[in-house]
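Peer 1: One letter stands for each residue in the lines below.
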Amino acid sequence: MTERRMQEPSFLILTALAAAPLHGYGIMAEVASISSGRVRLRAGTLYAALDRLRTDGLIEVDREDVVDTRLRRFYRLTPDGSRRLAAEAELLRHNADAAVRRLRLAGGTT
Amino acid sequence: VTGALERRYRRLLACYPWAYRQEHEEEMLGVLLAGAGGRRRPGLRDSADLILGGVRIRARYAARSFPDSSLAAALAVVLLLVPVLLLPGAAPGLHEIAWWLRHDRLPTNFLLTFPAAPVWSFWLVAAILGLLGRRRAAAVVAVPAGLLLALSLTLGPQNSLLALEEVAPWVLLSLLGAVAGAASPGARRGLAHLGPARYAAVVLATVLAVGCQLQGFHRLTALGLLPVVVLLACRPGTPTGRWAVALLALPGTAYLITLRDARSDLAVSYGVAAVVAVVAACLLWTVTRPGRPAPAADRSTP
Chain D
2 MTERRMQEPS FLILTALAAA PLHGYGIMAE VASISSGRVR LRAGTLYAAL
52 DRLRTDGLIE VDREDVVDTR LRRFYRLTPD GSRRLAAEAE LLRHNADAAV
102 RRLRLAGGTT
Chain L
9 VTGALERRYR RLLACYPWAY RQEHEEEMLG VLLAGAGGRR RPGLRDSADL
59 ILGGVRIRAR YAARSFPDSS LAAALAVVLL LVPVLLLPGA APGLHEIAWW
109 LRHDRLPTNF LLTFPAAPVW SFWLVAAILG LLGRRRAAAV VAVPAGLLLA
159 LSLTLGPQNS LLALEEVAPW VLLSLLGAVA GAASPGARRG LAHLGPARYA
209 AVVLATVLAV GCQLQGFHRL TALGLLPVVV LLACRPGTPT GRWAVALLAL
259 PGTAYLITLR DARSDLAVSY GVAAVVAVVA ACLLWTVTRP GRPAPAADRS
309 TP
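Those sequence lines, one after another, are chains D and L. If you count by our numbering, then the first sequence holds residues 2 to 111, one letter each, in order. If you count by our numbering, then the second sequence holds residues 9 to 310, one letter each, in order.
These are calculated hints, taken from the structure and not from any lab test. Note that the structure is predicted; figures quoted are calculated from it, not measured. The beta-carbon is built from N, C-alpha and C at its ideal position, and this holds for glycine as well. Please note: incorrect hints may appear among the correct ones.
Said to hold, decoys possible - Each pair of labels, with its calculated beta carbon distance range:
(1) L:R15 <-> D:A107: 57 to 65 Å
(2) L:D76 <-> D:A107: 52 to 60 Å
(3) L:R15 <-> D:A88: 30 to 38 Å
Said to hold, decoys possible - One-sided and incomplete, this derived list gives chain L residues near chain D with beta-carbon spacing under 10 Å:
(4) L13
(5) Y17
(6) L37
(7) R53
(8) S55
(9) I59
(10) G61
(11) I65
(12) L109
(13) I136
As the list claims (entries may be wrong) - Output of the computed footprint for chain L on chain D, the stretches with three or more beta carbons under 8 Å from beta carbons of chain L:
(14) 21-29
(15) 89-100
When you get a sec, could you build the whole thing from the sequences and use the hints?
Peer 2: Right, dumping it as structure tokens:
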């Protein structure tokens, strides 16, 4: 059975967590940076995505800190999450390469 | 300013399930306040995003806890009872066939005599599939059976709006059975809730009702006892029983509306139906009222 395609916010969240564990606000900032400001996650969307990714076993809690009396929970990729992100990135690369090749053949821009 | 903003965010976070808030409210509040800048109140988009996020998480929690919920058990009870409770609906057709057989003849046009025969055959297949545990297959057969039942009786020899109204309870019961077939954890769980003795009481009351109908008793006399037996058998003192009664009250209410024989009975039958609907709504209220903690998600925090 083929796995369901990943939605862009989930892909960007996993990408943000690929380098190091991050807390919620850090993920939002990193996603905005990775997408060059195109995707700005809001808290409701972020936590709905984090809940789904945790349920699917793609991320897990790394640690908890308290800063200025506020709880910060850091998330990290699980080994499954790393594998899934790598597979999704490979699929996107494959599709993007195919698009570029066909545009070249048609004499379009690259 | 931060205090007022925090209060407003907390009010929005009330959209999330209780168990989720226990784990994430302070964390989310930190993120919301960190991104608030100099804002005094939550922005419109942020508010809409939080409400939508709360709805999503609630839907997920409900889906995760559904198999263990009293609603799922009640659907299993409904799945067990619907094939039995549909029998009185088939009784008029069976009565026609019995008349022909008593006169050692077969109807020249079977479908004219018993227009809903194919539909009841479908339902028999659905009931057998459901009891064998092939619930999705049963639902696939039961949905068209319910819709065909309405169609066949409205296009049949007694074609009239009254025919549609009279068949409505049985169609509703069919569709309820189909939903229960697709969504419930199986008739076995329904039997575990009722117990064999209560189930046997419902079957006996149904057979008695069908017998009374075939003997030409008034429908109220023939079917009057059945709702009482079903109500008691469902164990309405339990959340599962209350859900089951509330679900079965939908076709039950439709049936009460059809009981009128003359214009003078109209107000009485609608009145009784309204009382049943209100009682069902009260039962639903008792099993769905807020304040009960949602089941904890299956996860651990290191």
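Peer 1: Where does the structure disagree with the numbered hints, that is, which hint numbers, in rising order?
Peer 2: 3, 4, 12, 13, 15
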